[in-house]
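S.K.: Sequence:
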Amino acid sequence: MRFYITIFLVLGIFANGFGQKVKILLIGASHDYRKSKDQNFSNIHQRIRAFKPSAFFGEFVSPEDEATLMDYWCKTDNLKRLKKLRSNRHIPLDKITRVIDSLKVISERDNDNFYLKSDLAHAYYLAQDAANGHYLYWQVYDHLNKSADSKLEKYVDSLLCPKQDVSGRSMKRLATSEYAFIAFPMMKEFGLTEMLSMDCQDYDLNWTASAIAFHNKFEVFQKDSLATAYKAIAALLEKRDKGFKKYQEMERSSNVFTEWLNTDEAADILASGDFYFNELYNFKNFPKEEILSQIHWWKKRNEGMCMNIVNRANEIHAKRVVVMVGANHRKFMQEIFQKIPDIEVLTL
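The sequence shown lines up with residues 1 to 348 when you count with our numbering.
Keep in mind that the hints were calculated from the coordinates and are not lab data.
Don't take each hint at face value.
[Unchecked claim] Using 25 Å as the maximum straight-line C-alpha spacing, the simulated DMTMM-like pairs for lysine to aspartate or glutamate come out as follows:
id, residue 1, residue 2
1, K300, E290
2, K300, E344
3, K223, E290
4, K242, E265
5, K299, D65
Model the full assembly from the supplied sequences, consistent with the hints where possible.
M.R.: Here is the structure:
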C-alpha cells in the first residue's frame, strides 16, 4: 500500500508543476487487426473529430530514449532496420536533424510528392524516430494501395525495404495496425505532420525476468494443485480460458472490436493473461512474490508512459491529445491519469 501512495504523491508533485490542464482521449486498440472481420472505425473517427485534438501519441519509444536503451523486446529488430536503411542511403548523424527539417519544409510545399515522403520516412528511421518513420511510410503505402505506381513502388522498395522489415514494430505490422486504421488517417485529416512517442521501455528487462520466474514456478504449482484436486483453482483457470475464448470470438466476429476492447470486460480478460486473478494469489505454493513483481514492473511501465504523455504534451502546450495504446494498457493508464491533477482522461 505504501508503494502506491508514494507513486501517487510523486505523480501529484510532477503534475502540480505543469501549470496546464490537458485533456486526453485514451483509446485502447489491437496492434494487429488481421484476424478481425472488416472493421467499422467510423464511430471512433467521429469521436476523434468531435474531440478536436492538437496532437497524437503512439506507443513508440522516442528517439532520445531509443538512443539510450541498451536492450528491450524489439531493440534487435530496430537495429537491424537501422543498419539496412543506413546501407541504402547514409546520412551522417550530425546532419539528420537538418535533413529532416529541410525535407519537412519541402514536402509540405509539395504534398503530393510521395518520393519526398519516402525520403522523409527514411530520414526519420535513421533518426530512430519509428513513430514518424511509420507515419510517412504509411502515407506512401496508402497512396500506392489506392493508385498503382510501379516506379514509386520500386523506389520505396529500394530505399525503405518494407518487405524485409517484418518483425518487432515493423512496416509489415504497421499495415494492419491501429495506426493504419485509426491514428494516421485522423492525423492526416487534421493536418498534423508528426506523431509524438510515449512508450517507456526502461523496465522491460525487469519485466521479462519477473515473467520468466513466475511462469517457471506457476507450471509446478498448476501441476501439483490440479493433481490434488483443488476445484477452486481449476474453476479459476477455466474462467480464464473462457475469457480468452470470448476475446477470440469478438476479434473474429465483431466489426466494432475496438469499442469492445475499451470495456472493463475486455480489460479484465486481458489482465488475466499475465496476472491471472487475485483469488489465486493466496493459495498454498502459488508464486505470489513473482506475480507481484510482474505487476510492479507493469505498473512502472504504464506510469512511465503516462508521465511521458503529460510532460511532452506540456512541452508543446498541447491541451487536447489522443493517445493510442495497446488495449491491455488502457485501464491501467486511465486509473493513473485520474490521479494526476489537471489531467482529464476520456475513453470511448
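S.K.: Each hint needs a verdict: does it hold in this structure or not?
M.R.: Checked hints:
Between the alpha carbons of K300 and E290 the distance comes to roughly 15 Å, so the proposed pair stays at or under 25 Å and holds. Among the hinted pairs, K300 with E344 is consistent with the structure: their alpha-carbon atoms are about 21 Å apart, no more than 25 Å. As the CA atoms of K223 and E290 are separated by approximately 17 Å, the hinted pair is consistent with the 25 Å bound. Between K242 and E265 the CA atoms are separated by roughly 12 Å; this keeps the pair inside 25 Å, and the hint holds.
Simply put, K299 and D65 have alpha-carbon atoms about 19 Å apart, close enough for the 25 Å limit, and the pair holds.
Violated hints: none; the structure is consistent with every hint.
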